[in-house]
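Generate coordinates for the entire structure from the input sequences, incorporating the hints supplied.
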Amino acid sequence: MIVFEKPKALTDAPLHYCPGCTHGIIHRLVAEAIDELGIEGITVGVAPVGCSVMAYDYFACDMVEAAHGRAPAVATGLKRCMPENIIFTYQGDGDLASIGMAETVHAATRNENITIIFVNNAIYGMTGGQMAPTSLPGQVTQTSPYGRDVTVAGYPIRVSEMLSTLEGPEYIERVAVNNVKNVRNAKKAILKAFKNQVEGKGFSLIEVVSTCPTNWGMTPSQALEWVDTNMIPYYPLGVYKDKTAAAAEAAKEE
Amino acid sequence: MLTQILIAGFGGQGVLFAGKFIAYKGLFEGKEVSWLPSYGPEMRGGTANCSVILSDDPVGSPIVSNPDVLMAMNLPSLDKYEDACVPGAKLFIDSTLIERKVVRGDVDAYYIPATKLANDAGIPTLANMIMVGKMIRESGCITFDDMEEALKKVVSAKRANLLEVNLKALKTGYDYEG
Amino acid sequence: MAEKVLMKGNEAIAEAAIKAGCRHYFGYPITPQTEIAAYMAKRMPKIGGTFLQAESEVAAINMVYGVAGAGFRVMTSSSSPGVSLKQEGISYIAGADLPALIVNVQRGGPGLGGIQPSQSDYFQATKGGGHGDYHLIVLAPASVQEMADLTGKAFDLADKYRCPTMLLADGTLGQMMEPVEIPDVEVTPVEKPWAVNGTKGKRAHNIVNSLYLKPDQLEKTNFERFEKYKQIEENEVMYESFMMEDAEYCVVAFGIAARISKNAVVAARKNGIKVGLIRPITLWPFPTEVIAKAAEQVKGFVSVELSMGQMIEDVRLASGCKKPVLLCNRAGGMIMSPEEVLAKIDELAAL
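Protein chains in written order, with the working numbering: chain A, 41 to 294; chain B, 5 to 182; chain C, 120 to 470.
These aren't lab readings, by the way, just hints derived from the structure by calculation. Only a predicted model underlies this, so the values are computations on that prediction, with no experimental measurement involved. There could be a bad hint or two in this list.
[As the list claims (entries may be wrong)] Ranges of calculated distance between the beta carbons of each label pair, as one might list FRET restraints:
(1) A:Thr149 x C:Asp252: 35 to 41 Å
(2) A:Asn219 x C:Gln336: 37 to 43 Å
(3) C:Asn354 x A:Lys48: 40 to 46 Å
Don't be surprised by glycine CBs; every beta carbon is placed ideally from N, CA and C.
Set out below in C-alpha cells:
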C-alpha cells in the first residue's frame, strides 16, 4: 500500500525554497492537479520572476521562464497557438500585482483560457523582503522600515476582488495553505482552475495566501499563525467569481 | 521619360484616391510607378498630398519635391507648391475653389472649375477625377485608353456604379475646354 | 507568377509574412505601421491564425515570446517608441535563442518624437537594443518589393539560426505604394525539438529560459551564441553595389536614403564625378569587408542617413578610418533631397 508518493508532475530536483516556505505545498497541489487530470504531457507552465523563478526545474511538464510580470502575456501566446494544450502561470504578488498588473488584468478581461496560480505572501521574497503591492498597512519591510504608510505607498491591492469586477474571468477564488483544512480547500480550487481550462471555460485565477517566514522575521509556525491573524482578515478567503455556478444558479431561479 | 506628379488638397477631396488611380494606370502601361501619401493628422480634414512618379526607369526617391505636374485642389496647396514646380511644369487648378491665378510665367496653367463641374454633373465627390481627366489630356503622361481596367483596381468591386461615375468624371475633365 | 499589384509597404510585409507561414501576430497601434496590424486583423481570422491587439507593446512582445517558444512562426510590428518598449522582450527572446520577427517602421525621435520617417533607431537595432550581449539579424528593405521579400527571408534566417530578426524600415517605405509581387512560397517546416509544446509523455521536459544563475554557465551560453553570430557574419551579409566598378567616391546608404542617394549618384556621374553606392541590406551583419575593400579603391565616403549620424560609425570602423567619411543627414522626420546628397558628393570630391 502506498501511503505517500511524490506527484509525477514534479521532477526530482530539490526545491531551493527557505525552510517553512509554503511554495513547496503549492507546487505539490499544482502537480497533484496535473496528475489527477492526466494532462502533464500537454501542459506548458510559465514561471515568473520572484522566489519561484526556478519553478521550471521543478515541474516535469514543458516550462517557459517569463520576464518579470509578463507571464500572462507569454501564456496568452502559448494558448493562442496551442489551444489544445493546458497553459498555467505561477506568479507571486510583485510579479502579478505590481509590474505585471496590466498583463494580468487584460488576460482576465479577455477571459483567456489559462490557469493562474497567484501566490500572495505580501512581500518580495527573492530580493530580500521589500514592500509588495499586497503588503499590509503598517507592515514593516526593507523598503517600508517604519511600516507601510498608506499616505505614501497607497493601499494593498485585493487582486481577487478587483478582477472579479470584470465581465471576462470564469473563476476566481482566494485560498490559503496555513492549515490542513485550508490546504484541502486550496487543492480543490486549484484542481477546479485546471479543470475549467480543460473544459474550455476560460480564465481561472487562484490566489493563494502564503507566507514568508524568512522575510517576515518569524518562525514557520508563527508565520502560519500570522496568516490567520493578519492576512486573512485583510484578504478574506472564498470564491469571488464563478460564472458557471452563477449561470446554474440563475437557471434554477427561473 | 519621368513624370513627377504632386496632388494636393484638403483631406476628403480624394487626393490619395486620384493618385492611386494614376499609379495603377501607369503600372498597366508598363511604367515603373510609386505612390507616396502624406500621412498623419492631415487625413482628418487638414491638407493632404500625395506624390506619384511614373517612369521608364526604376524609381529612385519616391518623394516629389519639384513636380512636373501639380494638381492643386485648394488655395493653400497652390500657395505651397507653385514655387516648387520645375520650369515648364503643368499646373492644374480647381478654379471653383481657387480664385487666384498662377503667378509664375514659366509654367503652363490650366484652370478647371472641377468642383462646379462635379456638382453640375451630379457627382459632387468626384472633382478629383475631373482634374485627373484634364491632366491626362494636357500632360499625356498616361493615355486615356482602358480607363476601366485601372479604375477597377481602385474602386470597390461591391459598388459597380462607382466605376460608371468615375468614368463620367474622367471624361468630363478630359473633354473640358478651357 | 503572381500578378503585380500596388501595395503599401506595410501591407506587403503583412501579406509576405502570411505567405511565409506566419499565423500569429501580436501588436499595438502606432503610426506609421498600423496598416500591418489592420491587415493582420482582417486576414488572420480567415486563415485560422491569431491576430491579437495586445494591451501594450510589452505584452505583445511577450506573447511573441510564448508562441516562438512553442515553435511557431510569429511576429510583431511597431514604430520607434513602441520598439523601445519591446526591448525587454527582445532581449529575452535572444537570450532564450528563439526565432521571431520584429518589424520596426521607424519614425523620428527621441521620446515621442514625431510620426515622419526616420532611420534613427540604427544603433538600437544593430547593437543589441536591450540589455545583455546579443544581436538581431537586421534587414533593411529599400522598396515595397523588398519589404515583402525580406520578410520571408527574415523568417527563414530566424529559424535557421534560432535568433530574433528585425526588419528595419521607415515611415516612407511603410506608407508608399509600389508594384509588388508576392509569390506563394513552399514553406519547409523546420524541426524544433526544443519547443515547449507538451512532452506527450515521450521526452524529458523542455525549458525555454534565459536565466543562468551560475556565471560560468551564463558565460558559456554567451560564447556559444557568439559562435553562432560569427557564422551569420560569414554567411549572411547582403548588400547592393551600384556603379562601384570604377568609382572614386562611395556613398553608403540604406533603405529610403539609398534610393535618394541613387538619384544623386546618377546625377553626379552626369557631372563627371565617378561615384558609386554601397547599400547595406543586412545592417547586422554589416558589410564590413565590402566597405573595407571599397576603402582601398575610393578617395572617400559619404554616409547618407536619416539620423544624426549612426551608421557612419560602422562605415568609419569598416574603412579603418583610412579615407574621409562625410555625413549627409536629415533628422526628426525630414528627408534629404537628391540635391543635398549631390552637394555632399561635390564637397567630398573637392577635398
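Hints and how they fare:
1. A:Thr149 x C:Asp252: 35 to 41 Å: About 38 Å separates the Cβ atoms of threonine 149 (chain A) and aspartate 252 (chain C), which means 35 to 41 Å holds.
2. A:Asn219 x C:Gln336: 37 to 43 Å: Given range 37 to 43 Å: holds, Cβ gap about 40 Å.
3. C:Asn354 x A:Lys48: 40 to 46 Å: holds, 44 Å
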